[in-house]
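Sequence order for the protein chains is E and G.
In terms of full-length UniProt numbering, the first sequence opens at residue 1 and continues consecutively.
In terms of full-length UniProt numbering, the second sequence opens at residue 1 and continues consecutively.
Simulated from the structure, these hints should not be mistaken for lab results.
Bear in mind that the values here come from a model prediction, so they are computed numbers and not experimental data.
It cannot be assumed that every hint is accurate.
Pairs count within a copy or across copies, as identical chains cannot be separated in the list.
[What the hints assert, rightly or not] The list that follows gives simulated cross-link-like pairs (lysine to any residue, SDA-like), each with its CA atoms no further than 25 angstroms apart:
hint	residue 1	residue 2
1	K257	T369
2	K250	G317
3	K40	V91
4	K197	E384
5	K290	D179
6	K290	L201
7	K197	P323
8	K190	L63
9	K250	L320
10	K250	E159
11	K257	G183
12	K229	T104
13	K197	R144
Number of protein chains: 2
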Amino acid sequence: MPQSRQLHLGAFMRPVSLHTGAWRYPGAWPDANFNFAHLKYFVQRLESACFDAFFMADHLAVLNMPINALKRSQTPTSFEPFTLLSALSVVTERIGLVATASTTFDEPYHIARRFASLDHLSGGRAGWNLVTTSNPDAALNFGRDDHMEHDERYRRAREFYDVVRGLWDSWDDDAFVRDTQSGLFFDPDKLHVLDHKGPYLSVRGPLNIARPIQGRPVVVQAGSSEAGKQIAAETADAVFTAQSTLAAGKRFYADVKGRLDRLGRPRDHLKILPGAFIVVGDSREQAQEKRAFLDTFVHDDSGIASLSIALGHDVSGFDLDGPLPEIPETNASQSARQRVLELARDKGLTIRQLAQRVGGYSGLEMVGTPADIADQMEQWLVEEGSDGFNVMFPYLPAGLDDVVDKVVPELQRRGLFRRAYTGTTLRDHLGLPRPDNPFFSKAVRA
Amino acid sequence: MPQSRQLHLGAFMRPVSLHTGAWRYPGAWPDANFNFAHLKYFVQRLESACFDAFFMADHLAVLNMPINALKRSQTPTSFEPFTLLSALSVVTERIGLVATASTTFDEPYHIARRFASLDHLSGGRAGWNLVTTSNPDAALNFGRDDHMEHDERYRRAREFYDVVRGLWDSWDDDAFVRDTQSGLFFDPDKLHVLDHKGPYLSVRGPLNIARPIQGRPVVVQAGSSEAGKQIAAETADAVFTAQSTLAAGKRFYADVKGRLDRLGRPRDHLKILPGAFIVVGDSREQAQEKRAFLDTFVHDDSGIASLSIALGHDVSGFDLDGPLPEIPETNASQSARQRVLELARDKGLTIRQLAQRVGGYSGLEMVGTPADIADQMEQWLVEEGSDGFNVMFPYLPAGLDDVVDKVVPELQRRGLFRRAYTGTTLRDHLGLPRPDNPFFSKAVRA
Ligand SMILES: Cc1cc2nc3c(=O)[nH]c(=O)nc-3n(C[C@H](O)[C@H](O)[C@H](O)COP(=O)(O)O)c2cc1C
Ligand SMILES: Cc1cc2nc3c(=O)[nH]c(=O)nc-3n(C[C@H](O)[C@H](O)[C@H](O)COP(=O)(O)O)c2cc1C
């Protein structure tokens, strides 16, 4: 049976890569956090490969790690997403621009407005990665002693989304008539005052910006808890998820698409895009060597701290070149601990290697020739493990160039990925309809 | 005595002009609120004339006016300042980029970070117009029933500024060593944790962005109350003020510079820039005709509402083509009322003309030939009424082109304004030193 579905590809970006050893990799650009020219290069290359979106992660605190580990890493500081993506909108024409923004530490009026503004600037290419913020230290930067409790975060997030969506619909699409003759700038019948009053938020509106080009910017969700999956099914256009194996991916896919069925939403109105860390070689062996070489750049200080955190047990006293001994159960996250223990066992890693893996990157990865990688992506697509991927690059620019120059052409040859953009907005790329404004639907107006 | 001081010129921008009739003026661009190409044209022309800064006003609510008046005006909606200025930073190289942001309705961590990011993107051209927000309706969009009381707003603003400044100093200028050999990305001794706990704000830090290029982005203040002037003297690098006459300007200038003396700050570390609405003609008569013609585009609905608000008295029942009768005293702002009554008397305006003036623009204006305007600007500079101006354009693009093509060359001929940028940052243009990081001054380190 011919495969008619196509892959969607986002690029999950941190300027220097999210792998904490990447800045030391030969040929890397360690100053990319504050080098606009480098980021321009990345986004333009990705656009030349017809990627759906350029996706900026975001955190509201310098990561919570012992300073001895932190000082080894390029992650704590970089451009703020809105300023960066707005600047990148000027040097691109088609690729979607997705910014992460928090419902826990921001105001819906600001968020609605900024995404609408980015959408206008970019001609309909804005997306919002809606997060409740994973780093609990952020609370300390916003006047709180503790992170808001998990379920409460999600209840606020749900209401926050409703407010943002209502604010985006403040003006009808054709509200601004600008009739110089009569002196009518906008039609007041096409202005809607939200007047929202809820348990967490009270926002009158209207928003001081015209309705976004896309009607509503694309909403992406990355939660994986019950509450996270449910809010995604109810509100999101795309889900970004960490799924380490195809089996886990298929369970997640069936779970979330099943929620859509129960909500009466069409299945293809929510795209599921697991993160995939891609390392390309001319041979499988070369790719694996690159992958192993990259991990050697994770400094012991950083790797040991990460591994100790993941296990809930200080491993710094062990022989780093020996295998991991039995570790007693602790209070640490069970799933993180389990994943690390499996990794140690399956790959036969020493403690140092394990620490470097955990301190660098240890989720889903595809390491091999362009054909190997295309095979895996195709399998995930065909077997309904995903609708595409959010690609993570091991080091930049070379790791990104490899995907653009070698993997994407292979996917295109197989008919799995577009050779040219067919639309202009991020909704177009993702195959999502432009939503009507419910406050001014034709039925209401008639 | 030769005049050695030079003018500083900012452009106080709303995309279609802040005059509410401007969008109807022949040749205007009524869609500029959401047309990036137009804004790019404006900023590039201003840069070609060596303006110090491009300055975006901002409001957090659709203006509080009766809808019947509001619908006549282009002001309620436009791009959000950070997204817009970030985009404009890509198409310019020297001109300063000043965004308005509120201390009442935002968080210092966000504000510090966004200005730092804009400063990095633009190579040191960011400025913050620090406002406590003039439109009370904004409160309703941010979970409050009422605007915070005036003095409390300023107390919060003062603390807010201290936090932002402290966050900007989170990292020393040379904290990021990126030593690939040893694996040290930053020097932990050059990281400062603010740990601020005050009456209004509690913010731990550090900021997740490197120290701004300018050390600290330029801070602009526009308050005119006692509290406003004092916070300006204590914190600001420039003051944007509404002063209708040279006499008032000189009083304001002496007042604020006197505060600097008492604080031990050098007088030239704070530039005072009144707003000036500039209308250029080939002859004085032609300029005055343009000015009058512009006012005819203020719709009666809009003018009458504005005049009634300014007087605290509904004037819609009067004969619009007659003079203003006696108006009983009311609760409205005394200074606004007084200014309107003087305007009616001094210029002998009918009610309609007065309404059009008040509904359009009624502050300091310079209307005449390029030489007339240069004369006035020179007088303000020489007599210490100001250090320059924040120029407002009556209509765009023509009103802006007139200033760039005719007034600036005249100022340059007189040696009152630069012919080329001599520095690269906004601090350079304003003649302000780059501040040290007090947490890492050489004395502390030694
Ligand atoms: C691939 C991926 C990317 C994420 N990116 C961010 C991010 O940029 N910022 C953030 O605060 N949280 C981020 N998160 C965290 C999620 O928003 C969420 O907090 C986390 O997945 C835990 O899910 P849960 O809260 O539903 O249990 C990301 C999560 C995943 C899986
Ligand atoms: C020329 C000028 C421009 C201003 N621009 C803004 C603005 O963009 N946004 C805003 O909220 N307030 C703006 N303001 C208002 C001031 O921030 C301040 O609220 C007002 O001048 C009243 O001063 P006071 O609060 O010290 O009495 C501006 C004021 C002036 C004089």
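Task: Earlier hints that do not hold, by number - done: 1, 2, 4, 6, 7, 9, 10 and 11
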